[in-house]
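Here are the chains, one letter per residue:
Number of protein chains: 2
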Amino acid sequence: MTNTKDINSGIIIIGNEILSGRTKDTNTSTLATWLNSIGVRVEEVRVIPDIEDTIVNTVNTFRKKFNYVFTSGGIGPTHDDITSQSVSKAFNTIYGEHEDAFKILEKYYKPGEFNKGRQKMAWMPVDAKLILNPTSGAPGFYLENVFCLPGVPSILKAMLGGIQNKISGGDPILSSIINLRTVESEIAKSLSNVQKENQDIQIGSYPFFKAGKLGVSLVLRY
Amino acid sequence: MTNTKDINSGIIIIGNEILSGRTKDTNTSTLATWLNSIGVRVEEVRVIPDIEDTIVNTVNTFRKKFNYVFTSGGIGPTHDDITSQSVSKAFNTIYGEHEDAFKILEKYYKPGEFNKGRQKMAWMPVDAKLILNPTSGAPGFYLENVFCLPGVPSILKAMLGGIQNKISGGDPILSSIINLRTVESEIAKSLSNVQKENQDIQIGSYPFFKAGKLGVSLVLRY
Chain V
0 MTNTKDINSG
10 IIIIGNEILS
20 GRTKDTNTST
30 LATWLNSIGV
40 RVEEVRVIPD
50 IEDTIVNTVN
60 TFRKKFNYVF
70 TSGGIGPTHD
80 DITSQSVSKA
90 FNTIYGEHED
100 AFKILEKYYK
110 PGEFNKGRQK
120 MAWMPVDAKL
130 ILNPTSGAPG
140 FYLENVFCLP
150 GVPSILKAML
160 GGIQNKISGG
170 DPILSSIINL
180 RTVESEIAKS
190 LSNVQKENQD
200 IQIGSYPFFK
210 AGKLGVSLVL
220 RY
Chain L
0 MTNTKDINSG
10 IIIIGNEILS
20 GRTKDTNTST
30 LATWLNSIGV
40 RVEEVRVIPD
50 IEDTIVNTVN
60 TFRKKFNYVF
70 TSGGIGPTHD
80 DITSQSVSKA
90 FNTIYGEHED
100 AFKILEKYYK
110 PGEFNKGRQK
120 MAWMPVDAKL
130 ILNPTSGAPG
140 FYLENVFCLP
150 GVPSILKAML
160 GGIQNKISGG
170 DPILSSIINL
180 RTVESEIAKS
190 LSNVQKENQD
200 IQIGSYPFFK
210 AGKLGVSLVL
220 RY
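One line per chain: the protein sequences are V and L, in this order.
Numbering that gives the first Met the number 0 puts the first residue of the first sequence at 0, with every later residue one more than the last.
Numbering that gives the first Met the number 0 puts the first residue of the second sequence at 0, with every later residue one more than the last.
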């Protein structure tokens, strides 16, 4: 049986809109929840701007460091979408019109509507494999262990089913949550002992405030 | 006048609960919105686990790379809160009972309630300066350009007022949003020309789906 601890991943969120605070990132949570369910741990997330050198360097660092890498954002048709060209550069491969992606998009749009702007969405590493997009036509792609997904949360979510069979995870990572009506400092000492005696379980402690009441969520992961 | 482009920052979100997908990070958005308003750009965010070596290395990378660094999470009283000891190690300074922090906490709790668990919240780099916590007593701290804040969003937010005068930003980073009823591929070409002719303004294009309708938000930042 595969040891789940050995299958890890990193997520790269690409987009100035997260770094400016305008948009709250939810794709990390979507990806991480899904990855955990197929036995892949997320070890690191980086949020980076739409700058080619930064994308190239981060992709190259992550693809060596982790079993799987997921990028989100920057594969649309506008000038600030530079993920596809940057990933091509990271892999030192040709950025051009992808034959199969072109066919999918040509079929998706009504005759006469497949304009230059839309054709840009077929530009990617020419040797990439496609990730089908059941929601809005434009496919994502993957090269070796790097999976490039869009930034729009609903579209990203809809595309995960299509890559599940490309990823070899371990056992699902299980978790239980225990909610207590207490404060952390009251239980810190005994909880620390429980953690020491159960090294194979990771115990996280998170205070919460709900409806004016204080509490602590203990999250056990194994 | 300070050139805002020269004042940058990095955010380190510390916590397994974000990497597992259980909790969606909102502190990045809170910090980034506030930093932009005082003229500090956020250049990178990293989400990392509660592992000492990872925290030490990330803090040391970021404090050299950026004018300001903000950490969120891991300064509470439980066994999984290891940010304070890790930051002490990153700065090669003593992790111990901070005199002023101890006094604040001693005063905050009723007599007899300042137990061992709570006293742990006074442990930090002994030469750190404190960040006062108007909500729940336990202070954050800063050392040189690294500001350590808690992970609970409401408490983090309440503590920002207390550090505003410690940060020298440039002019506020201004932004305007134009919402259009169109799709990105229809405007991609002309928008690209507008961006080329206005290099001092950063134009971001973000598709949205609201109440079943498609649209594009253009975000201008300068």
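Don't read these hints as lab results, they were simulated from the structure.
Ideal placement from N, C-alpha and C gives every residue a C-beta, glycine not left out.
Each hint should be verified, as a subset may be incorrect.
[As the list claims (entries may be wrong)] Below, in silico cross-link-like pairs of lysine-lysine (DSS-like), each with a Cα-Cα straight-line distance of 25 Å or less: (1) LYS156(V) x LYS115(L); (2) LYS23(V) x LYS195(V); (3) LYS156(V) x LYS128(V); (4) LYS115(L) x LYS195(V).
[Unchecked claim] Computed Cβ-Cβ distance ranges for the label pairs, DEER-style: (5) GLY160(V) x TYR108(L): 33 to 39 Å; (6) PHE208(V) x SER216(L): 47 to 53 Å; (7) TYR108(V) x PRO133(L): 14 to 20 Å; (8) LYS188(L) x LYS212(V): 53 to 59 Å; (9) GLY160(L) x ASN192(V): 37 to 43 Å; (10) TYR107(L) x ALA157(V): 46 to 52 Å; (11) ASP5(V) x TYR107(L): 28 to 34 Å; (12) ASN7(L) x THR25(V): 21 to 27 Å; (13) PRO133(L) x PRO133(V): 47 to 53 Å; (14) ALA157(V) x PRO110(L): 53 to 59 Å; (15) GLN198(L) x ASN197(V): 19 to 25 Å; (16) SER174(V) x LEU179(L): 38 to 44 Å; (17) THR25(V) x VAL193(L): 28 to 34 Å.
For which of the previously enumerated hints does the structure constitute a violation, in increasing order of number?
The structure conflicts with hints 1, 2, 5, 6, 7, 11, 15, although it agrees with all the remaining ones.
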